[in-house]
Amino acid sequence: MTHEVEQLREALASTRRLQAAESQRLREHVLVINGIRALSVDDDPDILLARMFELLSAALAFDEAYVLEVKDDLFVCVASTAPGALGATWPAGAFFRRVAGGGAALVPDNSRVPEWASCQGVAPLPGGAIYAPIAAVHGPGLLVLCAHQLGAYSSADLALVSKLGLLVSQTLATGQRRRLAEAMHRAQVERQAAVDANETKSQFFANMSHEVRTPLNGVITVADLLARTDLGPRQREMVSLILESGRTLERLLSDILDFTKIEAGKLTLETRAFNLTENLACVCDLFAAEADAKGLRFDVRHLDAAQAWLDGDSVRVRQVVTNLLSNAVKFTEQGGVTLEVDVQPGGDLSTVVIRVRDTGCGFAAEAADRLFDRFEQADGSITRRFGGSGLGLAISRSLALQMGGDITCRSTPGEGSEFEFRFVAAPVQPAASAPEAEEPGAQRAWRILVAEDNPNNRRIIGMVLELIGADVTYAEDGLEACQAFAREPFDLILMDMQMPVLDGLSATRNIRALELQRGDAPIPIIVLSANAMTHQVAQSLEAGADAHMPKPIDAAALLAKISQLSTASLAPAAGPAAFGLG
Amino acid sequence: MRFASAYSLLGDPGRAATAAMETLLKKLGGAPDLLLIYATESHATDALISCVRGLVPGTPILGSTSCGGVMTEAGFHTGPDGAIGLLGVKDPGGAYGVGSAPLADDPFTAGATAVEQALVASGRDFESPVIVWCCQPPGREEAVLAGIQSVIGPHTPIIGGSSADEQIAGKWREFSTDGVLAEHVVVSVWFPTLSHGAAFQSGYAPTDRTGTVTLADGRQVLEIDGRPAAEVYCGWTDGEVPSVQSGMILARSTPTPLGRLAGELDGVPMFVLSHPAMIGLAGDLSLFTDIAEGDQIVLMRGSPESLVKRAAVVVNDARAAGGWAGEQTRGGLVIYCGGCMLHVRDRMDEVAEQVAQAMEGAPFLGAFTFGEQGAIVDSSNRHGNLMVSGLMFGG
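Line order of the protein sequences matches chains Z and X. If you read the first sequence in our numbering, its first letter stands for residue 1, the second for the next number, and so on. If you read the second sequence in our numbering, its first letter stands for residue 1, the second for the next number, and so on.
I should point out that these hints are in silico values taken from the structure, not numbers from a laboratory. By construction, the Cβ of each residue, glycine as well, lies at the ideal position given by its N, Cα and C atoms. There's no promise every hint is true.
Distance windows between CB atoms, simulated [claimed, not checked]:
hint, chain 1, residue 1, chain 2, residue 2, range
1, X, G30, Z, E22, 30 to 40 Å
2, Z, I36, X, D125, 34 to 44 Å
3, X, G263, Z, E22, 14 to 24 Å
4, Z, G84, X, A31, 28 to 38 Å
5, X, L342, Z, V30, 41 to 51 Å
6, Z, L26, X, A31, 33 to 43 Å
7, Z, G84, X, T214, 51 to 61 Å
8, X, A282, Z, V30, 36 to 46 Å
9, Z, V30, X, D46, 47 to 57 Å
10, Z, E22, X, D125, 18 to 28 Å
11, Z, L26, X, E327, 20 to 30 Å
With the sequences and hints as input, model every part of the structure.
Right, dumping it as structure tokens:
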């Protein structure tokens, strides 16, 4: 009987012991589950740590609790149940560092912990404490529970607090990752919005430029044509003013359009062979005349090497030099302007150095730093006095940089300035001379089909074509143009790019298809468009056009192109040369 | 954290130590971070510790003499020349330290001093260790435990056993890194990297024979319910322990110790046992534990069958408390009452085999002591007699 009783007691005791161990584990699980419930509601660090203290107080008796994190080699209290403890600091001693590194610890008498001896802001409770690692908001930290009673805690308590600390760490980390992801998303959205806004702005500028250019085209072309008629001196002066104002306005528009292209990263350089000296000749002539008009000396020094043929964007080179010379002449009242051009060979690429010196007002060194900033001029009054967009140098420098070079300057106020424009370009063999355009015969007027939706443009083109006595047929959209071409023979087509019903490119393709179907020789087609970027020119040529000319229309250039492309044997009533335009 | 055990039955302490250490080092693959040594009294010589230290000079050592032999997963080890048993703990991620102090007249201070030293040696001088394993001579264990708790608090399990000899002749000794010690407390502090579980129980059942200590002095019970203590106790045993003669009654009283209620575990009363050792000339009863006037005592009764089985029961309870599956047990220590061992000595192979099964083959070391320490019921640390204390690691 004794043996059976003993066995029963042993079995019962073992069962109870197991139950006690399970109860302890259950206590840990309950805390963790409650923790997950409570902590998952909000991962804001302050709220999270406050909830953690609530959970701990429900599971374990303590008198004070702290969350410390490392800042500048100190442990700083970032949350606490003890009033006034926030901001208290402890030195980052070996014990705190070990706990923060993952080694939870029980302390029977907290006042013996060395870090507390140097604590600023809180006095230690002379009782038991639990130290558990916690990944605080800004890195490794400590969760500290203190009691007044010596040796208050057991290793089971330590395990409990460590588990909650781990849970809080994970929640904080999750919250931090979420906030980081949100911040990144916000930044991406904002960046995209900025990109979109910039794109919209660029598109707006481009559209405005196009819209303004169209009537401006009319003003300049008509004024140009008017200037070539018989006018009295007073009228000629007035027309001259209209032309000059129109061209100034056109330059400003070009600056703005260029600048928006540069900002959008859409400005591309066109590469083709050109002769540097010849390319700059017309610019030199222009500013020699302007300088002469102001009573200034204008010297051009082409070193021998400058007679080079280069592969590059001749238009953009000319644009930069024009800007530099324009400024030099503009800001010089006496003395003169000197242009010096040199080419320094260097293997596959040559370095072109163009210096523009003047004896003008100059600028201070500190102004030089801002000179290439957009909308900057050395002196705010300059814009008012001399006009200009303030974009010229910014655009020029962007172009120089895009050409693999730069623009630098130096100046002495009151004595003058020197701007140096450098760029690199591959040396090439001289281009073969273009064959002389065959002079059309003189038998009949050219039959030209003009496809243009804008009535003013139709009228302006008509006036230009009147100069060569062309027989002009108008179409108001691409479809009408195709129908006209199918209906009657023409010598040449001028095709606007953007038109309702059927755009110019589609109309061009249709016409080429019809020719193929009929077995006709291809008719010269010149696309006219305010959109003259490289890819737009390429689109025109791919659609089957023979040439792409920009608006505003340069009457002389258009007539020259017509003359070049026309294969008709009939002579115009009057050739371009007759008007001094060829 | 890894464990390995080894033993030797060689009579020469130095040779026995060397042989066992070589086996241990081979199993462990290097020097342990803590070494426990239990050996019979004949091996308690300086040669034992010096040979061990010669092989593992940097390893902290603790242990004591064990009554009759030692026990490992290989069986119960005893022989005419005695035995030594080793348990090596290799745990580079943990921290361990050993300290010792002479009992002198102040066992409380000795306990406190020894644990302070051990903490300093572990590099965790102001922390509560996860476990304390202690060895001390029989006699004043309660004060030693109180001294240890005064430093580390009441919630760290203090487990161990009191050193024992063969004839209760005072030849028990304690071992530490410093050598073979007499009348010393040796304490080790553990900061292990594995989970642990501990259990401490007797396996004796209470009877209806109860009384109150009405006169006591230290470990001597002079009167129970106002009558001479030996007379009352012998009467409770129905003559199994005769009261007619004074002298040692340790072997006769083993099946019928006195129990004191230590607490209740969900309604099941748990007792700490006191082993009546001697009947005095004045009819007094000497115990192996302290006793106080007013203590409620009950005659406990245990059978040989229960003594054989309970070591394995304690191991299972300890593992269950740790909360891991049997096959995840990595190693452990078992303290088994020397008196109980003597009572079932011819069945000790069965005891060792059952413990080995409960350990699922994991290494362990068992010692037979004259007093056992462990945490009972409410996790408070107790000293008792006729108890089994188990400490397991796993997970």
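Status of the hints after comparison with the structure:
{"no.": "1", "hint": "X:G30 / Z:E22: 30 to 40 Å", "in the structure": "37 Å, holds"}
{"no.": "2", "hint": "Z:I36 / X:D125: 34 to 44 Å", "in the structure": "37 Å, holds"}
{"no.": "3", "hint": "X:G263 / Z:E22: 14 to 24 Å", "in the structure": "19 Å, holds"}
{"no.": "4", "hint": "Z:G84 / X:A31: 28 to 38 Å", "in the structure": "50 Å, violated"}
{"no.": "5", "hint": "X:L342 / Z:V30: 41 to 51 Å", "in the structure": "47 Å, holds"}
{"no.": "6", "hint": "Z:L26 / X:A31: 33 to 43 Å", "in the structure": "40 Å, holds"}
{"no.": "7", "hint": "Z:G84 / X:T214: 51 to 61 Å", "in the structure": "56 Å, holds"}
{"no.": "8", "hint": "X:A282 / Z:V30: 36 to 46 Å", "in the structure": "57 Å, violated"}
{"no.": "9", "hint": "Z:V30 / X:D46: 47 to 57 Å", "in the structure": "54 Å, holds"}
{"no.": "10", "hint": "Z:E22 / X:D125: 18 to 28 Å", "in the structure": "35 Å, violated"}
{"no.": "11", "hint": "Z:L26 / X:E327: 20 to 30 Å", "in the structure": "23 Å, holds"}
Hints 4, 8, 10, counting from the list given before, are not met by this structure.
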